[in-house]
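*Asks:* Here are the chains, one letter per residue:
2 protein chains.
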Amino acid sequence: MQQLGRQARQAGRAISKADTGQKNLALLKIAEAIAADSASLALENHKDLQAGRDKGMDAASLDRLELTPSRVEAMIAGLTQVAALPDPVGEITELRYRPSGIQVGKMRVPLGVIGIIYESRPNVTVDAAALCLKAGNACILRGGSESIHSNRAIAACISRGLQAAGLPEQAVQVVETADRAAVGELITMKEFVDVIVPRGGKSLIERISNEASIPVIKHLDGICHVYIDAKADLDKAVAIALNAKTHRYGVCNAMETLLVAESIAPQVLPILAQKYAEKQVELRGCLKTCSLIETAVRATEADWHTEYLAPILAIKIVTGLDEAIEHINHYGSAHTDSIVTEDYTLARRFLREVDSSSVMVNASTRFADGFEYGLGAEIGISTDKLHARGPVGLHGLTSEKFVVLGDGQIRQ
Amino acid sequence: MQQLGRQARQAGRAISKADTGQKNLALLKIAEAIAADSASLALENHKDLQAGRDKGMDAASLDRLELTPSRVEAMIAGLTQVAALPDPVGEITELRYRPSGIQVGKMRVPLGVIGIIYESRPNVTVDAAALCLKAGNACILRGGSESIHSNRAIAACISRGLQAAGLPEQAVQVVETADRAAVGELITMKEFVDVIVPRGGKSLIERISNEASIPVIKHLDGICHVYIDAKADLDKAVAIALNAKTHRYGVCNAMETLLVAESIAPQVLPILAQKYAEKQVELRGCLKTCSLIETAVRATEADWHTEYLAPILAIKIVTGLDEAIEHINHYGSAHTDSIVTEDYTLARRFLREVDSSSVMVNASTRFADGFEYGLGAEIGISTDKLHARGPVGLHGLTSEKFVVLGDGQIRQ
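First to last, the sequence lines map onto chains A and B.
Count along the first sequence starting at 1, add 822, and that's the number in the working numbering.
Count along the second sequence starting at 1, add 822, and that's the number in the working numbering.
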């Protein structure tokens, strides 16, 4: 790992200077290599799938492990999209003259070396590499050991792309050992790694952020809320509450708790209850909710804290905006929260006062996503407060330094 | 401390919602209170100074402890300046329509609660409080125990200012205990504190960043370089190299190593050597330097790594830009580095390739400072890569969340 780290640091310096054209060429050449190798990629992926089945991996994990033709297409499309994004590196902003005569501005610069730790999802290998590369960073990718054949095959495509563009192969390194100690080393190599991005289950992320001595960009939970305000448009409220819960269950931006203003609850909850019933979503409500929805069971305190990632929804009736905001800031995970309202003042207050990484008005929480936000892709989602909040794209993989232009000025 | 933390968290929520006018009013009222209390502030400061002398504090520490009339003036001016700065909180940028119909942008938001740990410099109490307040954060200030009387008196002025503006007094809390364990608790209260800013000597900062479980904004060293390029203007080179070293010795943005291109060294070094001799600056040079400057002693490997904070300068002759950049990225501390050159292409390369928090062309490193950069003031300087690099002002005390405006959009 030390060797990998040293190579990454060196490659990072080269890639930080690479010009935009070179980086874009590398991305497109990687896409070409993947397209050309799709048959052998499928074969390698089958090896992983077979081994996974033999090991008794569950269906959801096998699903994430599989490189279906559409996922390979998505990988290729992702590379092309990232190539088309503006290069963030070197962008100078706010360059202004100061009374002393110097000009002071900020230049966007790469972070250096990014360590990414993720589960057995081979498509993440390409997405992560593409974003790191475009942002001028070297990266060390450590995917789940069950995807080792797929990752090796993808790594070979990435190497070919980098070579074709005249960039150092070590700019993207895939950790090939299944040894768990490698992760422990990766997250403490301060000298060689500047930031760690863990992706996966909560326990993995918790362990990594506790043990890392390198800064970590992460989110632990996605306890997302939709608040249906008294002034909500009923159709929008129903559509959003349904979409936020049922569009996909196992994702971090799915709604887990629905808050409803007391005065609109009798109108909106019966309609929603029926729609949720059709989708077999279990409802757990506060006392008032249960009096409006027969099929709801009583929620306990633990429900407000729970990220179900399943067809279960907690519902609470609140007096109004203040209680909704208080509930969200107390029980939420600072991920994504949405208000449904036609009231201008309340919408404005919700946007400012809800302390989450994504705050929405009249939109489904499911939009909290790098692609939907136009970031091109995301390396992960951050619910921390420093550096980056929400979906982390190219900007989150860079930082800004100060640049000063003078004509010989000295400090008086 | 837990109690302080809880109060800070609560006050932080209130201050994050406070409007700009209210925050500015508080800043101006604090300034008024300090002006009105200047006589009693001086008395309290005298108690600290007397106790410091009795304890045998060194002259430099006593100097930092003293609230001279001009420092009190500067505190008042600082408050007025911060009040005049644009409010960063709530600023929405890059709000753009996406193909789905939603509008996605970023809103600048406070970090929450900032813990600041500093030496016995009472003026820092006001500067730090002003910046935190304007950025919508609550803060917990822990100054050196030798400044306890001064800090209490200043804290009373801050309280009055906050009250006069209708803001919670707990938005700025000064830790009054001299107990060192308080620091240990402050830097691990994850639940109540979002970021720690340590200011002071390297050992203090090192200890805090090793022991903190909360993110730390810090710089350890200021090993700043000036590189005099072959195409440098001789007058600018001499003025900048002299100013960067001798304007003040004990500051982190003073030059510690001078790099000189081989071809210009015979012209520039003798002039500089004479000027440094007049200021009694000790010169430690590489072999080539020593052959040009009789009075220079041979530098050892350790010299390139050293932040002297004293009238000592290391000098190295390099072949050109590549060696200069390599030296800076290897031995520097990513603080502030400057090139003196009239060469457009080399200046442009230096700006991009030197990986420091401030990179300059034809300006003295002494400009690396919040006031000089127009940030109003600085809470500290960061040489880390995440979140903020260089002087940290209002922006560094905030972060950005995503805001999404829709008309009922759902994810397809």
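Rather than coming from a laboratory, the hints here were simulated on the basis of the structure.
A portion of the hints provided could be inaccurate.
It does not matter which identical chain is used: a pair holds within one copy or between any two.
Stated by the list, open to error - Cut-off 30 Å, straight-line C-alpha distance, at most; resulting in silico cross-link-like pairs (DSS-like, lysine-lysine):
(1) K1101 - K1053
(2) K839 - K869
(3) K1053 - K869
(4) K839 - K928
(5) K839 - K1053
(6) K877 - K1024
(7) K1012 - K1101
(8) K1024 - K1012
*Asks:* Give a verdict on every hint.
*Replies:* Structure-based check of each hint:
In this assembly of identical chains, K1101 and K1053 lie within 30 Å of each other by CA distance solely inside one copy; the values are 27 Å within and 73 Å between copies. In this homomeric assembly, K839 and K869 never come within 30 Å of each other (Cα to Cα): the closest approach is 38 Å inside a single copy and 55 Å across copies. In this assembly of identical chains, K1053 and K869 lie within 30 Å of each other by CA distance neither inside one copy nor across copies; the values are 55 Å within and 61 Å between. Proximity of K839 and K928 under a CA criterion of 30 Å is satisfied in both settings, with 17 Å inside one chain copy and 28 Å between copies.
Only between protomers do K839 and K1053 lie at most 30 Å apart by alpha-carbon distance; the minimum there is 23 Å, versus 53 Å within a single protomer. For the homomeric pair K877 and K1024, the shortest alpha-carbon distance inside one copy (22 Å) is at most 30 Å, but the shortest distance between copies (52 Å) is not. In this homomeric assembly, K1012 and K1101 never come within 30 Å of each other (Cα to Cα): the closest approach is 48 Å inside a single copy and 40 Å across copies. For the identical chains of this complex, K1024 and K1012 are neighbours both inside a copy (24 Å) and across copies (18 Å), given an alpha-carbon limit of 30 Å.
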